[in-house]
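Asker: Chain residues, written in single-letter form:
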Amino acid sequence: MTASALGRASEGTRVVRTRRARRFTRLLLPAYSWLVIAYLVFPIAVMIAYSFNKVTTGLPQVSFAWNGFTLEWYRQWSSVPQLTSSFWLSIRLAVSATVLATIVGTLLALALVRYRPPRFRGKAAYEQVLFLNIAAPEIVLGASLLGLFVTINLARGFLTLLLAHVAFCIAYVAITVRARMAGFDRSLEEAATDLGANSLVTFTKITLPLIMPGVMAGGLMAFAISIDDFVTSNFVSGSAVPFPVWVYGVTRIGIPPQVFVFGSAIFAFGIACAIASIVISRRRT
Amino acid sequence: MEAALPAIELTGVIKEFRTGHDVVTAVRELDLTIAEGEFFSLLGPSGCGKTTTMRIIAGFEEPTAGTVSLHGRDVTGVPPNKRDVNMVFQSYALFPHMNVFENVAFGLRRRNVAKDEISRRVNEMLTIVNLDGRSHRRPRELSGGQQQRVALARALVNKPRALLLDEPLGALDLKLRQAMQVELKRIQREVGITFVYVTHDQGEALTMSDRIAVMNEGAIEQLASPREIYEHPSSRFVAGFIGTSNLLAGKASSVSGGDAVIEVGAGERIVVGTRDLAIAPGTELELTVRPEKIELSAERPAGPGCALRGTVTEVVYLGTSTSFTVTTTTGADVVVFQQNSALAGDLASRGDQIWLSWQPAHSYLIGQSAPG
Chain A
1024 MTASALGRAS EGTRVVRTRR ARRFTRLLLP AYSWLVIAYL VFPIAVMIAY
1074 SFNKVTTGLP QVSFAWNGFT LEWYRQWSSV PQLTSSFWLS IRLAVSATVL
1124 ATIVGTLLAL ALVRYRPPRF RGKAAYEQVL FLNIAAPEIV LGASLLGLFV
1174 TINLARGFLT LLLAHVAFCI AYVAITVRAR MAGFDRSLEE AATDLGANSL
1224 VTFTKITLPL IMPGVMAGGL MAFAISIDDF VTSNFVSGSA VPFPVWVYGV
1274 TRIGIPPQVF VFGSAIFAFG IACAIASIVI SRRRT
Chain B
5 MEAALPAIEL TGVIKEFRTG HDVVTAVREL DLTIAEGEFF SLLGPSGCGK
55 TTTMRIIAGF EEPTAGTVSL HGRDVTGVPP NKRDVNMVFQ SYALFPHMNV
105 FENVAFGLRR RNVAKDEISR RVNEMLTIVN LDGRSHRRPR ELSGGQQQRV
155 ALARALVNKP RALLLDEPLG ALDLKLRQAM QVELKRIQRE VGITFVYVTH
205 DQGEALTMSD RIAVMNEGAI EQLASPREIY EHPSSRFVAG FIGTSNLLAG
255 KASSVSGGDA VIEVGAGERI VVGTRDLAIA PGTELELTVR PEKIELSAER
305 PAGPGCALRG TVTEVVYLGT STSFTVTTTT GADVVVFQQN SALAGDLASR
355 GDQIWLSWQP AHSYLIGQSA PG
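Each protein sequence line maps, in turn, to chains A and B.
Plus 1023 on top of the position in the first sequence (first one is 1) and you've got the numbering used here.
Plus 4 on top of the position in the second sequence (first one is 1) and you've got the numbering used here.
Calculated pairs, BS3-like style, for lysine-lysine (alpha carbon to alpha carbon, straight line, at most 25 Å):
id, chain 1, residue 1, chain 2, residue 2
1, B, 255, B, 297
2, A, 1228, B, 119
3, B, 86, A, 1228
4, B, 163, A, 1228
5, B, 179, B, 189
6, B, 163, B, 119
7, B, 163, B, 189
Derived from the structure by calculation, the hints contain no laboratory data.
Bear in mind that the values here come from a model prediction, so they are computed numbers and not experimental data.
Start from the sequences and build out the full structure, keeping to the hints where you can.
Answerer: Here is the structure:
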């Protein structure tokens, strides 16, 4: 005790210095964190802010000077017909692509987790393709898909968009679901079979409910990727113009403020989904 | 009276697993008949084929050769959901997204039992396993012992022809395990269903079973009652696996009238029953004596018993008994358990010269172990 007390007296200055250093680091980490968050959130905040901006020129186009607060663009959200129709096209496209990609991706994940080469030939190739699907630049995917559709003479429109979106969403679903399957206890399925359930009942009553969080997460990811896809969609859209492609086209002549209204709505929907998922998972545990 | 059909009958069952180019034989030529209402244990070290045997009965593994019959019906090739047996898994395998009631009702719902009958039978079964009032709990809200009982109820509520239990008490602590052993035996008596119990714990098997099959390397070494297995192990493996036993090697010097005199060292002779083994004088043999059958004394005891001389090399106090390790003059180490009764003082301490003695009936000749 006395020895440490002596030591403490002689190390007084060092204690003060470390305390000061600690105070500094205590501020440093939060400051750094907030900076990163601000960096990520700022563009979204700008979009939301300008969805409430008044327009003083004759044309209803976004101006980047602050002219005052208005709810006009929210009131007139559907007054740009092409914008509205491209938005609904994107929603239909994203929902369809999500449903299809989630089904195919989930089944693919199950196969990848369950089966090994003698039964599942080409499993390694499958895994490589999944990885490639995510790693390949979209510009390559878009250009080659366009080439393919032209070659087989498939008219560009909703169908080609759907085929393209399903193709790049499957990998995300498969990888998310496979991660969820990692700790899956196969004896649960055996127990169900032992209690008289056939394989269909075992899947619907046991397997699917247990991997559902992974399936939902994969589906949400597919939806998020599909709804804002521009590069691939721009190649294969043809006559059907989804929201991001329309917005890109309109930037050359001036963006109507409703674009920011739709953008803010999509963002709000995403936030709502995130909050709902947190609430549900908290209630379960 | 006509003989009742056996609950479970395995005939010539072989199971091989292929991994790449290797073939591993998990079960070799197994014949097994388990009677109706019996508490039957498959006992053996890990990798002996006991779990594979159980999974073959349940239908999760198809035998490479041989047949499985349940109540006289050949079910080889019939999937598990169409077999009238239920299993309690080592991990319990309770459905985490269902509450206790739904877990237990799962099997009945698959068989389209009427709603009110389901709730009557589930509640009845929950009473039997002492889980009243917990039917709305999720499995993870229950203790290990309670989860174990849900698993049991979930299987038993279907009134299977046989219940298969795969090391069901392995995950419980000692106190709970002992309580559950008594509980399992009670439940088995109450429901009167055939239990097939897989374990590597010899204590568990001895406590609960009507009969035990001791398995080693895919084959049954001995199939008998717990007492028979403990007192008369048929092989070196069984003697070593069940409890502590002392093995003494020797040579038969004379055989007469069902008794053999075995020379276990220079001038040391032990008398042992030959059982039905054909023993010629001069044969090398092994015999076993259980530690608690041996008496310690300072002087050579009078009478016709077997006796060996030795030096105490280790004394371990175990509470109710004390374990002595004695190195005999023949060179073998012999373990002796002595009850710490009120009368007994300190029998011996390390370094003491001492006599070991036992009744000839308590030494038991072990059959020739399989060569190799």
